[in-house]
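Number of protein chains: 2
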Amino acid sequence: MSLKLTVLGCHSATPRVNAHPTSQFLEIKNHHFLIDCGEGTQVQLRKYSIKFSKIKHIFISHLHGDHFFGLVGLVSTFRLLNRENELHVYGPKGIKEIITLQLKLSNSWTHYPLLFHELSSNKPELIFEDATVEVHTIPLNHRVYTNGFLFKEKLGERKLNMNKVLQYSEIETCDYQNLKNGRDFILKNGTLLKNNTLTLDPTPPKSYAFCSDTSYFPEIIPQIKNVTCLYHETTFLKDKESLATTTMHSTAEQAAKIAKEATVKQLIIGHYSGRYKNKEAFLNEATPIFKNTLLAEEGKVYTIN
Amino acid sequence: MSLKLTVLGCHSATPRVNAHPTSQFLEIKNHHFLIDCGEGTQVQLRKYSIKFSKIKHIFISHLHGDHFFGLVGLVSTFRLLNRENELHVYGPKGIKEIITLQLKLSNSWTHYPLLFHELSSNKPELIFEDATVEVHTIPLNHRVYTNGFLFKEKLGERKLNMNKVLQYSEIETCDYQNLKNGRDFILKNGTLLKNNTLTLDPTPPKSYAFCSDTSYFPEIIPQIKNVTCLYHETTFLKDKESLATTTMHSTAEQAAKIAKEATVKQLIIGHYSGRYKNKEAFLNEATPIFKNTLLAEEGKVYTIN
Chain F
9 MSLKLTVLGC
19 HSATPRVNAH
29 PTSQFLEIKN
39 HHFLIDCGEG
49 TQVQLRKYSI
59 KFSKIKHIFI
69 SHLHGDHFFG
79 LVGLVSTFRL
89 LNRENELHVY
99 GPKGIKEIIT
109 LQLKLSNSWT
119 HYPLLFHELS
129 SNKPELIFED
139 ATVEVHTIPL
149 NHRVYTNGFL
159 FKEKLGERKL
169 NMNKVLQYSE
179 IETCDYQNLK
189 NGRDFILKNG
199 TLLKNNTLTL
209 DPTPPKSYAF
219 CSDTSYFPEI
229 IPQIKNVTCL
239 YHETTFLKDK
249 ESLATTTMHS
259 TAEQAAKIAK
269 EATVKQLIIG
279 HYSGRYKNKE
289 AFLNEATPIF
299 KNTLLAEEGK
309 VYTIN
Chain A
9 MSLKLTVLGC
19 HSATPRVNAH
29 PTSQFLEIKN
39 HHFLIDCGEG
49 TQVQLRKYSI
59 KFSKIKHIFI
69 SHLHGDHFFG
79 LVGLVSTFRL
89 LNRENELHVY
99 GPKGIKEIIT
109 LQLKLSNSWT
119 HYPLLFHELS
129 SNKPELIFED
139 ATVEVHTIPL
149 NHRVYTNGFL
159 FKEKLGERKL
169 NMNKVLQYSE
179 IETCDYQNLK
189 NGRDFILKNG
199 TLLKNNTLTL
209 DPTPPKSYAF
219 CSDTSYFPEI
229 IPQIKNVTCL
239 YHETTFLKDK
249 ESLATTTMHS
259 TAEQAAKIAK
269 EATVKQLIIG
279 HYSGRYKNKE
289 AFLNEATPIF
299 KNTLLAEEGK
309 VYTIN
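If you're matching them up, the sequences are chains F and A in order. The first sequence begins at 9 in my numbering and counts up one residue at a time. The second sequence begins at 9 in my numbering and counts up one residue at a time.
There's no promise every hint is true.
If chains are identical, the list can't say which one is meant, so a pair holds when it fits in one copy or spans any two.
[Claimed, not checked] For lysine-lysine, the following BS3-like pairs were computed, each having C-alpha atoms within a straight-line distance of at most 25 Å: (1) K59 x K285; (2) K287 x K101; (3) K112 x K131; (4) K101 x K112; (5) K12 x K160.
For the record, the hints were derived by calculation from the structure and aren't laboratory data. Since this is a predicted model, take the numbers as computed values, not measurements.
Sequences are here, hints too, so could you generate the full structure?
As structure tokens, then:
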């Protein structure tokens with residue numbers, strides 16, 4: 009199964025008509041994760057017909073408005089829609105106070121369990137894990153405390169090589185799960201059949217690294233090495249590299265360098281400054297360094313294979 | 009000069025595509041007032057080409073999300089646009105803490121003076137006044153502390169009746185302002201010319217009362233008596249009158265009754281529940297009781313004469 013990423017907003021700073029701030033919806037192994045939540049995210053979710061009641065986990069990179077001002081509205085809308093399921097919010101320390109203060113003053117406590125996981129470490133942390141998926145923080149370098157997030161599929165079960173399995177009448181259906189789990193099989197005559205003679209390697213796990221916002225920060229490379237897809241912000245082009253440095257953002261060239269050095273399979277860039285009307289210029293700057301680069305576009309769905 | 013009202017959003021509860029929560033932009037005597045500020049208001053201001061740097065005063069009726077979740081984003085955008093002018097925010101006690109907490113945690117203090125005027129009285133208060141305009145609170149009856157706002161032009165100067173004035177060569181240009189201010193004129197021969205023989209009454213001052221959200225609350229009638237235009241919420245139709253009572257909202261019939269009893273000149277209704285697809289039904293319920301009723305529509309400009 010592929011990962012499916014829907015870009016809900018990919019612009020920086022102020023929301024404008026048809027230029028929404030950061031938010032992404034990631035489908036991975038039957039999980040529905042929301043990443044960042046700028047103002048208007050709930051309307052974008054509706055616009056692109058995403059059944060947002062499925063979202064159980066929201067990851068907020070940092071507390072600049074273009075990454076979280078839409079969160080309180082979404083939390084409130086879930087309440088108005090009579091949500092009952094737990095909602096987990098992962099974000100910088102302080103996010104709980106921001107949301108709960110507003111719920112308190114509007115006398116609008118949620119009826120569903122709203123659970124905050126506040127982050128403050130400057131080292132990578134495993135913040136979510138179940139049988140199929142892990143999520144780790146990727147500490148970034150921005151004007152306020154900021155994390156990217158690394159979403160990783162776990163290695164799945166081995167696949168039955170049915171051509172081989174069916175050669176042995178002794179192997180019954182009830183043995184299949186043991187084989188998928190990697191166990192060898194011993195025939196009644198004592199012959200050991202090694203597992204890798206009966207099964208095939210599982211599909212390689214896929215991974216998605218979301219990195220926004222950050223200055224050029226090669227320290228992240230070991231952690232994002234070989235990911236299937238990297239989203240890396242590029243607020244500016246090279247013409248504004250000094251402004252990128254001052255504001256602790258990246259240029260398209262810098263994002264491409266990170267992708268190249270980390271040997272990722274695919275790069276998606278976004279978080280464009282409003283000063284650039286022509287987004288192709290970002291692609292023109294990135295692709296000479298890292299060819300497999302795509303522009304983030306609102307409403308576009310990216311299949312990560 | 010007319011009052012000019014632009015409706016930016018006129019729906020209740022959750023923002024949806026083409027159905028934005030409450031916000032209005034009022035132009036009165038060279039003032040540019042923003043009334044309520046639901047999520048996405050700053051985008052609506054851009055969509056309808058309103059030069060929103062002109063806004064110096066924002067009035068927030070109450071702390072339910074559909075009336076104020078867009079405020080922090082607008083305050084931040086003003087900062088990013090290098091605003092220097094003062095911004096005054098009038099709203100329920102707590103609004104300062106909500107906004108300043110978010111600015112603090114995002115390390116994004118405004119460079120312009122941001123001044124909060126927190127409200128907590130249950131009696132009408134004069135909250136803004138200058139030479140031309142007054143703004144008063146209209147205490148409403150809702151689930152949380154809520155005010156409407158009454159915007160009133162002050163009575164202007166008397167107008168010169170030039171046909172009369174020019175009959176007296178002794179009256180010179182430098183006397184005109186005294187006449188406009190209501191003073192009589194004494195001719196050299198001792199004859200008293202009463203002011204009202206030389207001047208005409210000033211244009212009657214206009215007024216706009218914004219009432220959202222509230223249950224049916226006739227207590228407001230003395231305060232809004234004879235206003236030029238009343239905006240009164242009508243979340244529901246009569247079929248949901250019991251729900252209106254429970255949630256402390258009004259029906260179209262109730263809004264029309266208030267308009268009729270207050271003998272206002274015009275009624276605008278809005279804050280529609282998302283359950284009603286056909287807004288004409290609100291008009292059909294209100295007009296038999298109060299004929300001069302208009303529907304609030306997003307982006308529509310209302311001239312108040």
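Non-conforming hints, listed in increasing numerical order: Failing hint: just 2.
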